[in-house]
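Heads up: the sequence lines are chains A and B, in that order.
Its first residue numbered 1, the first sequence is counted upward by one per residue in my numbering.
Its first residue numbered 1, the second sequence is counted upward by one per residue in my numbering.
Check each hint, because a few of them may be wrong.
25 Å max Cα-Cα, derived SDA-like pairs, lysine to any residue [stated by the list, open to error]: (1) Lys209/A to Asp63/B; (2) Lys28/A to Asp18/A; (3) Lys212/B to Gly8/A; (4) Lys2/A to Ser207/B; (5) Lys28/A to Leu68/A; (6) Lys2/A to Ala221/B.
What the hints contain is simulated information worked out from the structure, not anything from laboratory work.
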Amino acid sequence: MKTDDLIGLLANQVTRVDRGAVSRRFAKALLLGALGSLILMSMVFGVRHDLGSVARTALFWAKLAYPLAIAVAAMLAVMRLGRPGARAGYTWALIALPFIAVWAAGVLVLDGAAPDARWPLVMGQTWSTCPFNILLLSVPTFPAVFWTVRSLAPTRLRLAGAVAGLLASSTATIVYCLHCPEMSPAFWSVWYAIGMLMPAGIGAWLGPKLLRW
Amino acid sequence: MDDERAIVAHHGFGCSETIDLKLGAPLATAAAARSQPTSSRGLANRGTILQDAESRLKALFVDGLDGHAGAYRSFLQALTRHLRGYLRRRMPHYRDDVEDLVQEILLAVHNARHTWRPDEPLTAWLHAIARYKLMDFFRSHARREFLNDPLDDHADLLADSDDEPAQARHDIGKLLEELPDRQRLPIVHMKLEGLSVTETARLTGLSESAVKVGVHRGLKALAALIRGRR
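Okay, chain A solo, but in the shape it has when bound:
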């Protein structure tokens, strides 16, 4: 086929572009992925028994806000990375901000604690499983997010894969908060961060394969 014929093919009966389609697809994928994580969480780990009482504390909502803020920032970043020629700009700062805030809170908590109480505040009861639990809960969100990013046109595949992985893991972490009994920012700053960064690393690794177009 000659190039002129291809142009004719592409232009012929060209349909109007639906500008809202990308956002709708993102919303659908994230909801479905989070629902998958929720089912997985309630089957494998179970909702924490004291959720009713703990949900009345500010600390619980602060904990929830941490992955939520990362998810929002990762979402903005991935939308930009998925558009050729758009710059990520300030979204990097938005991604870093929740991590920095929780690290700062962790340092403050440790600073106010007695020296022999510091170690348990960081390690908690579940440090050895927490990152892997988040990794497991990312299993439904990861393909959902990648399916959406594939409908965009990322040109930096490794970076887009990493941020897509972070979006998947931070969404999974929001769900994990309903189970996880740990209530120390010092714990979140280390083990939640590792749990969220593992799928981001996997995303960076798979990005060039999964997102190529």
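Based on these hints, arrange chain B on the given structure of chain A.
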């Protein structure tokens, strides 16, 4: 420096074929404009010409997004001329592949057209796609040109223009036949024969939304087939 580059690049969008803007030239001209006041008027004139070209291209594209086939065709034709010039200069050892890559980029631009936002410069978007496809081409050919090319600016996309088609090596028409019927038939009826969605739906027995989805997925599958043949 970054700001200067952005400004020059901004004026460079519609760089017409009469202007010989070489690789890395925007920075050089920016420096020249600063040191030699006499050349700054030339730069300003060119800036106007380039901006005109950018806005003309953009107007056609925006109409195309609204479903105006004629405007969209003109946009693709203008883009094709620029792509030929851009690619011929950048892949001198692969002259025979230029037309294939032009077609691949046209298809990519079409399939990604929903990712352009009106507040972004159109040329930056087009250049990012062309560059991505060029890098992908070099990567799959694993040649050192890939390492040699990293410096260019989106003004360079419109710097060269070439109206002379070469022969494409892979025939998209033949690749089309490899698609499954629910993708191939909507493309044949709507895009080749120019029938409407309703007529195509009646002819194929598919629903109207299945026809639209078939065209959309079929063109994406076609792009993947072309990529696989490289």
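Hint check results:
{"no.": "1", "hint": "Lys209/A to Asp63/B", "verdict": "violated, 34 Å"}
{"no.": "2", "hint": "Lys28/A to Asp18/A", "verdict": "holds, 16 Å"}
{"no.": "3", "hint": "Lys212/B to Gly8/A", "verdict": "holds, 17 Å"}
{"no.": "4", "hint": "Lys2/A to Ser207/B", "verdict": "violated, 31 Å"}
{"no.": "5", "hint": "Lys28/A to Leu68/A", "verdict": "holds, 17 Å"}
{"no.": "6", "hint": "Lys2/A to Ala221/B", "verdict": "holds, 19 Å"}
Of the numbered hints given earlier, the model fails hints 1, 4; all others are met.
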